[in-house]
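Asks: Sequence:
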Amino acid sequence: MDYTPSNIEQKWRDHWKAEGTYKVSNDSDKPKYYVLDMFPYPSGAGLHVGHPLGYIASDIYARYKRLQGFNVLHPMGFDAFGLPAEEYALQTGIHPATSTHENMERYREQLSALGFSFDWDREVYTCDPNYYKWTQWIFAELFEHYYDQTTKKALPITDLAARFAAEGNLKVKAANSYKGKFTADAWNAMDKVTQADTLMEYRLAYRKIGYVNWCEELGTVLANDQVKDGVSERGGYPVVQKAMKQWYLRITAYADRLLYDLDEIDWSDSLKTIQSNWIGRSEGASLFFEVDGTDEKIEVFTTRPDTIFGATYMVLAPEHDLVAKLTTDEQQQAVADYIAYVKAKSEVERQQEKEVTGAFIGAYAINPFTNTRIPIWIGEYVLKDYGTGAIMAVPSDDDRDNAFATKFGLEIIDVVDKSKYPGATLSDKVGIIKNSGFLDGMEVPDAITAACKKAEEMGIGEMHINYKLRDANFGRQRYWGEPFPVMYDADGLAHVLKVADLPLELPKTDDFKPAKGGRSPLARMEDWTNLPNGMTRETDVMPAVAGSSWYFLRYMDPNNSEAFASQKAINYWQDVDLYVGGSEHAVAHLMYARFWHKFLHDKGLVPTNEPFKKLVNQGMIQGVIEFIFLDKNSPKTARRFVSADVAEQETDGDFAKIPVHVDFVSNYGSPKSFLSKEGIEKFIDWRPDYKTATFETIEGTYQHGQAIDKFELLTLSEVGKMSKSKFNVINPDAVIDRYGTDCFRMYEMFLGPIEQSKPWDTKGIDGVSKFLKKYWSLFFDKNGEWSVSDEAPTKDELKILHTAIKKVSDDIERFSFNTCVSGFMVCTNDLRKWRCNKRVILKELTILLAPFAPHVTEEIWKRLGESGSVHHATYPTFDESHLKEDSIEYPISINGKKRGVAEFSSDASRDDIMAAAADLEIVKKWSEGKQIRKIIVVPGRMVNVVVG
RNA sequence: ACGCUUGUAGCCCAAUUGGCAGAGGCGUCCGACUUAGAAUCGGAAUGUUGUGAGUUCGAGUCUCACCAAGCGUACCA
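Residues 3 to 950 (this note's numbering) are what the first sequence spells out, left to right.
These aren't lab readings, by the way, just hints derived from the structure by calculation. Beta carbons are placed, not taken as given, at the ideal position from N, Cα and C, and that holds for glycine. You may find that some hints are simply not true.
[Stated by the list, open to error] Calculated lysine to any residue pairs in the SDA-like style (CA-CA distance at most 25 Å, straight line): (1) Lys616 x Lys809; (2) Lys155 x Lys175; (3) Lys13 x Glu125; (4) Lys932 x Ser908; (5) Lys155 x Ala198; (6) Lys345 x Gln248; (7) Lys616 x Ile10; (8) Lys431 x Arg402; (9) Lys605 x Arg165; (10) Lys327 x Val242; (11) Lys809 x Ser908; (12) Lys570 x Lys515; (13) Lys181 x Lys409; (14) Lys515 x Tyr213; (15) Lys797 x Glu905; (16) Lys194 x Lys616; (17) Lys386 x Pro509; (18) Lys409 x Asp339; (19) Lys244 x Arg165; (20) Lys776 x Ile10; (21) Lys515 x Arg526; (22) Lys845 x Glu905; (23) Lys616 x Leu495.
[As the list claims (entries may be wrong)] So the derived label-pair ranges between C-beta atoms look like this: (24) Gly461 x Lys515: 37 to 47 Å; (25) Gly461 x Lys175: 10 to 20 Å; (26) Asp263 x Ala502: 32 to 42 Å; (27) Asp193 x Gly461: 40 to 50 Å.
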């Protein structure tokens, strides 16, 4: 009987679903294991062959752990809020809820066709009110807490208010954005609004003025990637930076813990590096400079307080609060012009700008160490959100300051002698200080310490640790997201909803366009916004990262209406043992999830400090983009396309690379890919504009309808992201139809190491398909009749099996799934050589293979007459004794070069072999006339004799 | 510009603590079966491990420099 996947795969999937084979209980005596995939955004395009890579790997691991006797939580859900559904709604009028639910249904179908062992009863999706009730609740809790830097944990904001009333904020060490100091009396004398505004600067969820990309013509706020070259991608209208009051999360409070706790978790070094770079901790000093002739002080952050004698001017970010206050009358116009120039640029554009720009504001500061007057400038190279938004500029020892000073003719004083350190760059922070009064002659690190100490004595500064990490904007002026559980009273003070009033459901509307003034569409819904008690609702919604910051906890207890998850469930499942997902989430999602988890941990609601113990980033499966060349100078009515080789020859030609749908291309992905005559006809059908075009190769020219035998227009193949816009999306359905799900799963694993990105190609899939057929044929005789023997296995057969058990188990443990597949191939090839059909052997092999090929193994399991599911069987135990050989052949090297071999008993000790080695013929021959200086023996491996 | 990752046969890739460079697959070639092809089975070939140095008895593996590709970050004071 032949192996026919279509006859068995759907049957078993239906069976598993009916039997609840993959249902997971929270009540179990077994040890727990939690395997999590990053849940997908259900996009309208559906799954392509790249998506399942990580899911297959995690499914194999989950099944492996289950067979080993763990109670495995392996859920799936959807990250269902987000911009694309809303954009789609704007174009088509289809409500985001409708399209999202349709897309989720399609995803569920596609995912189940891949045979995953998800417990779908635990599905969560972020746009479900029963889910986002708790997203809103966590936000409200963040609002109700501040971060205490003494105990290093979040505490209730009411405690802080009580402390302010008792002792002011002088002794309070807490994460905040409040600059001032006040006593208890001063606090108690404040009015209600001032007190509330002050507390706001301490809350973990808080409101402040932030900047957004505002497009007046479109009447909307745009994301950074919707802005190209300072204008909106759609329409090409101007985009400016607009200040708006928005919600922020104080993630910076957790910066230190987010950085240092990376040591606790098993993530790749590259991922840890990305996170730690993002957090960007830097040690330095915070220093105050007085502004000449005023009471104002400018605070700067510097990592080089040792160079302060070389600080010849200051630069403020154009948005700095003091700019308006300090600008002199003469400079008003110049400053206003410059700010207008800066504002007209998007954040992205501003960062790409290489030209040095700035303006003098007319005021002077006093360098506290030299007591000289130094001019104050504004310049866009100083960022409003980093440090204090102001710098002391030391043109001698900072490249950017140097460029600025050179352009505007500002003074440069050389303060570090680097002659002792040839080749050192400025970032090396080395040299001997000069021209710097009491610091002269010191090495840089000593001078940094000395300068800090002096600043502290003078009361003008102190040691300070600064982070690149910023409190990210948590508000979106959009529709398709979680509404904030926030109301404002008549004084404009924010109040969060109590848990009993949650969820605050997203109101239904068909009008998704943003409202006036850059506010969200919700602002237009006055019935919803204005409450009977006179309060008004917040109309922004949360970003997509909100719902994904805690979903892994919800899977533990997905239907709980009393809490985000019961303490019993959380204490049982603890944390995620293995998390698999793409590296595109290396920063935002993983940082926020860790932050929220730590906050919940501080509140005693989760037992672990980190949510994801081990993390594996799967690589991306790329697509090949196929291009043909369009002669830009050809007339619109007779477009001229040329093949890749013609375009290469015509070096003076002006060609546009036009991507063509990969379905039209022959030899897709190979260097000799081409469009045949049929391919060109398909292309013309697809792009009717080109009906009159000519297609030219070195050998001839083709035009639509022309009678020609053979025509090959070479295409250019480039590896790139698989994307709808590149017309290179490969859907798994066709592959599965042809080869079956088990084959597809194993082939994706076989492509290469899981963490590596690689282009999709089906060249090798026949090899995997052949393997499955061979595995199947082990159970059948020449005539295709079922034939399994109950005889005892031979020593050789046991050796083959146990080699495979060891190989596959070890490789699963280190996530090397590609080598597992080859291990299976070796095993079946070897068993076939012995014509092995022993039940004992084949049954164990079947269990071993079950995580990879769940359908065919289940079918065989049934045919073997076993009860229950193979996926609940017991994993085979490895027995070393089956691998043992009587003797081992050792390579004999002389001076590191292999010169022969010799056989030794596998029991022989290092000393035995060393003693015997000197007498070997080969050794005698090569050491003739020389002395044996050393014999190196690695038992079981090799012998090396050093002569000379 | 910096950081991280990768570079092994025509191609995809193995080689886990430094120990005989090759497990597996694709492709190629030869043979068997066959009228023929497909499928299947048996067999074979292929190397300066990106380049150059260093450490070592021994380097694909460790160190340094360089080259190439991929990813990430990017005026971070």
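Asks: Any hints from earlier that this structure breaks? Give me their numbers in increasing order, please.
Replies: 4, 7, 12, 13, 16, 17, 19, 22, 23, 24, 27
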